[in-house]
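Each residue of the sequence shown is one higher than the last, beginning at 3 in the numbering used here.
It should be emphasised that the hints constitute simulated quantities derived from the structure, not laboratory data.
Quick caveat: nothing in here was measured; it's all calculated off a predicted structure.
Don't take each hint at face value.
[What the hints assert, rightly or not] Okay, the calculated beta carbon distance ranges per label pair:
| hint | residue 1 | residue 2 | range |
| --- | --- | --- | --- |
| 1 | Thr54 | Gly151 | 32 to 40 Å |
| 2 | Ile111 | Glu80 | 21 to 29 Å |
| 3 | Gly91 | Asp136 | 33 to 41 Å |
Idealized CB from N, CA, C, for every residue including glycine.
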Amino acid sequence: MLVLTIVGLSACSKNGGGASHDTENFLTCKLNGQYYEFNYRVNANDKPASDTVHFVVIGGWEKQDMIKGFGIDLTVPEGAKEKTYAVSGTTALSLHGKYYLQNMKDGKIVSTTGYNGGTSEGTNFTLTITSLSDWGVKGTFSGKLKLVGGDDFVTVTEGKFSAPYN
């Protein structure tokens with residue numbers, strides 16, 4: 003009975019929005035030192051149609067209101083593998099980290115503030131894929147993202163994810 007209780011409790015946890023989530027599906031990181039959970043609707047792209055995985059897309063939202071989100075996009079023509087990918091500035095590899103906030107007015111989205119990192123000048127992004135399976139993708143990430151159209155930066159540390167395919 004004790005083992006069942008521990009397993010049951012470890013399968014769920016509370017996030018900032020008060021909703022529980024499956025601990026197998028998560029996307030968490032620190033942004034400028036503050037811990038965030040983007041565990042609402044976390045998932046990866048559609049399951050690949052062939053054995054070669056040409057792109058990996060991971061994303062999640064902080065809460066059900068979908069105001070804050072985080073995403074990762076990787077395109078590898080020769081096929082993604084369980085390894086570390088890194089980009090800095092204008093590197094040819096297509097890898098991007100994205101943090102976005104929906105700006106609201108009178109209950110409606112009026113614009114989006116976005117921070118991108120990877121291939122734009124002054125930014126970097128590192129993605130380590132630790133598992134690429136029939137279930138989905140798991141790994142870690144970090145980087146420096148720049149405000150789109152601005153000069154502000156966000157530092158991403160301690161990022162980790164476990165995202166099932168759609």
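Q. Does the structure break any of the earlier hints, and which numbers would those be?
A. When the structure is compared with the hints, only number 2 turns out to be violated.
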